[in-house]
Structure formats: structure tokens, C-alpha cells
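J.: Chain by chain, the residues:
There are 2 protein chains.
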Amino acid sequence: MATSRTKATDADIVLRVLRRTRQIRDFRPEPVPDELLNEILEVGRWTGSAKNRQPARFVLIRDRARLDRLAELAPTARHLSRAAAGIAIVMPGENEEWDAYDEGRVAERLLVGANALDLGAGIGWATPSARAAVADLLGVTPPAFVRTFVSIGYPSEAAMAPKSAPGTARRPLADVVRYERFG
Amino acid sequence: MATSRTKATDADIVLRVLRRTRQIRDFRPEPVPDELLNEILEVGRWTGSAKNRQPARFVLIRDRARLDRLAELAPTARHLSRAAAGIAIVMPGENEEWDAYDEGRVAERLLVGANALDLGAGIGWATPSARAAVADLLGVTPPAFVRTFVSIGYPSEAAMAPKSAPGTARRPLADVVRYERFG
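Protein sequence lines correspond, in order, to chains W and Y.
Counted the way our numbering counts, the first sequence spans residues 1 to 183.
Counted the way our numbering counts, the second sequence spans residues 1 to 183.
Be aware that a few hints might be false.
As the list makes no split between identical chains, a pair holds if one copy fits it or if it spans any two.
Claimed, not checked - Within a straight-line C-alpha distance of at most 25 Å, the following computed SDA-like cross-link-like pairs (lysine to any residue) qualify:
#1 51 x 142
#2 51 x 26
#3 51 x 19
#4 51 x 35
#5 51 x 28
#6 51 x 141
#7 51 x 72
#8 51 x 33
#9 51 x 154
#10 51 x 160
Hints were generated in silico from the structure; no laboratory data involved.
All values derive from a computational prediction rather than experimental measurement.
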């Protein structure tokens, strides 16, 4: 698309990463350098939040036995067992609505940051029934809690293969956008 | 920082945008080309969601009177009155936790997308007491609802000026990261 905007190339690079970023849940076994994990954590640190509370804390987990145990406790985060590292997001538990919203914001930014570094990342949740055991394992004291795990690693070939023909799994723009009024 | 990773330049470009993206609430009066608004909506469309529900719908608002009215109804989104356009995010209202989390994810990606295009964007909420009036104005039928408005425009000079010395408004990494265990 021809545009007159400045820095078209930089914008295109960022938009491409934003569009290609999707959940990766299968990883190659190689480790991820600490330097890259730190860059992802920096991205998390700079994520905005309601009233600039900066409510999120991050537990970086690289210990294999701990990752495996968390994968058992939180079935939708079982990809932790194949990940080089995991980030548990600790939220304060003071306001359910703000916590969920701000946690979604920061989780999303971690995903995009990992993708920018040619890593893969996947979001998994500790469902409510698992949260006490997860909190115990990670030393998190209520009302603070962990809902989100972000698995990080180099994507496996299988994870990178397209799962469906382009366009079939995603609603078209005309389905999701309205103008001036919704209905 | 010296690294051996490939495409370091592309990664650095994306990480720079991720780090610099913050809320912009004051805008120059010039309009934003529809083409750029469409690129931002495409970024929204491709945002992931729990169980791939793709629950978010977007109402793009460019009508000045409508933006002004929404700014009155939703005081934390009063920046709509200075924005070239606004996006109202319509969520299904079926699961409070999932809705808030997925809405945070998509709002965050819209912010980053706008920044990538050298635009500014700010998040505002319709608080619960305003939601009935907002839904009525936008033709949204319960249980669907609008909580988030994203204002979009070219940042004013005042909005781009740093508000505080670097580092004073943001917690340092050592405050927000733990290793293996939180406490």
C-alpha cells in the first residue's frame, strides 16, 4: 500500500510483528539467553496500567522441575513443561476488573516482545482451583495471586507450521468493525 | 548490547516502539488518514483471545459531535474530544474475567499499533454508571457492553514532552522481577 507517512519501513516492521504474533505452545529444547529474557521483562515493566498502578510483578522461572510442576498444576499452561522459561505474572488481587484488564495488557505485550526477538511465547492460566497450589509453590501470599503464565522458548517447527489456510481461522475485518454505531 | 541474534535491527525497532508506547491524551487537530485507522483495526483483529473466541468488536468513531458526546459521558475518556478518531471496544458480556483480560490484550495492541504508525493513542473507560448511556448512543445491546475507548490522533507537542525525569515514574526492574519464587 502506498503511503506518505514517514518511517514507513519501521512502521511496517512493527505492524508485521504485531500481526504475526500468535500463541506458541511448542518449543525447541535449547535455552534462551538471559539477555533476551531480560529484554522481555523490560517490555513488561514498561507496560501501562490503570491509574499507573504498575500492579504487575514477574517471577522468572527457569528451573526445569519447577516448570514441570507448574505445568501439572495449571493444565492450560502445560506448555511450560516444554518451555525454556516461564514468567508468572503476580497481580495484587485488590480489584478484579482492573487486575484482569491490566494483566491482559501486560501479557499481550510480553507476547509481542518475545516475537520481536524471534522467540515464541504462549499464555496459560492457573484456573481458580489451581491458584492456591500455584501461590504456595511460588511463595505468593493472598490477596496477591497468579493467573497468567507466559511460556517462552524457540518455537518448534511444528509450532510454526500454519494450522489452517490463511483467513479461515480469523474473522474478516467487515465482521468485527462498525462505523459510528454498533447496531 | 552486543548480541548474536539474527535480525537484531528489526527486533530493536519493535522493542523501541514497545518501550516508548505510552498513553497519549492530547492531540493535534489534524485528521488521521483512514488507511492508518484501518491498519490499527487490523492489528485489533489479529489479537489473540482466550479459546480463540475473538470476542472484541470495534466501533470506529470519527463524527465530531459523537466523539464530544462520548467524552462527556465517559470522563476518563474525555480525551476523545481532542482525538481525530476513537475506537469503542464492544465485548460480549458473557464472562467478566475473560472479557476484561481479552479487552486489556486488544486495547494494548491497539496502543502499540498506533505508536508504530507515529500516532498517539490513549485508553479511557466508560465506568459502570456510564455504560447504559454509552450503549444507547452506540446501539450496543446487553449483555454486550463498551468499557474501553481508544482515542487516536497525532500527539500534541505537550503530550510528547516528558512529564518527569527518566526513571522516576517507573518502578526499576529489580522491584518488579523475582527469580524462581516470589516471596
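J.: None of the hints should be skipped; say for each whether it holds.
T.: To see whether the hints hold, each was checked on the structure:
1. Proximity of residue 51 and residue 142 under a CA criterion of 25 Å is satisfied intra-copy only: 22 Å inside one chain copy versus 27 Å between copies.
2. For the identical chains of this complex, residue 51 and residue 26 are inter-copy neighbours only, at 17 Å across copies versus 36 Å inside a copy, given an alpha-carbon limit of 25 Å.
3. Taking the shortest alpha-carbon separations for residue 51 and residue 19, only the inter-copy value of 18 Å comes in at or below 25 Å, while the best intra-copy value is 28 Å.
4. Taking the shortest alpha-carbon separations for residue 51 and residue 35, neither the intra-copy value of 30 Å nor the inter-copy value of 31 Å comes in at or below 25 Å.
5. In this assembly of identical chains, the alpha carbons of residue 51 and residue 28 lie at most 25 Å apart only when taken from different copies (24 Å versus 39 Å within one copy).
6. In this assembly of identical chains, the alpha carbons of residue 51 and residue 141 lie at most 25 Å apart only when taken from the same copy (24 Å versus 29 Å across copies).
7. In the homo-oligomer, the alpha carbons of residue 51 and residue 72 lie at most 25 Å apart only across protomers (19 Å), although the nearest pairing inside one protomer, at 35 Å, exceeds that limit.
8. Taking identical chains as interchangeable, the C-alpha atoms of residue 51 and residue 33 are never at most 25 Å apart, the minima being 34 Å within one chain and 30 Å between chains.
9. Within a single copy, residue 51 and residue 154 get their C-alpha atoms only as close as 35 Å, which misses the 25 Å cut-off; across copies the closest is 23 Å, which meets it.
10. With identical chains, the CA atoms of residue 51 and residue 160 are at most 25 Å apart between copies only, with a shortest distance of 19 Å across copies and 38 Å within one.
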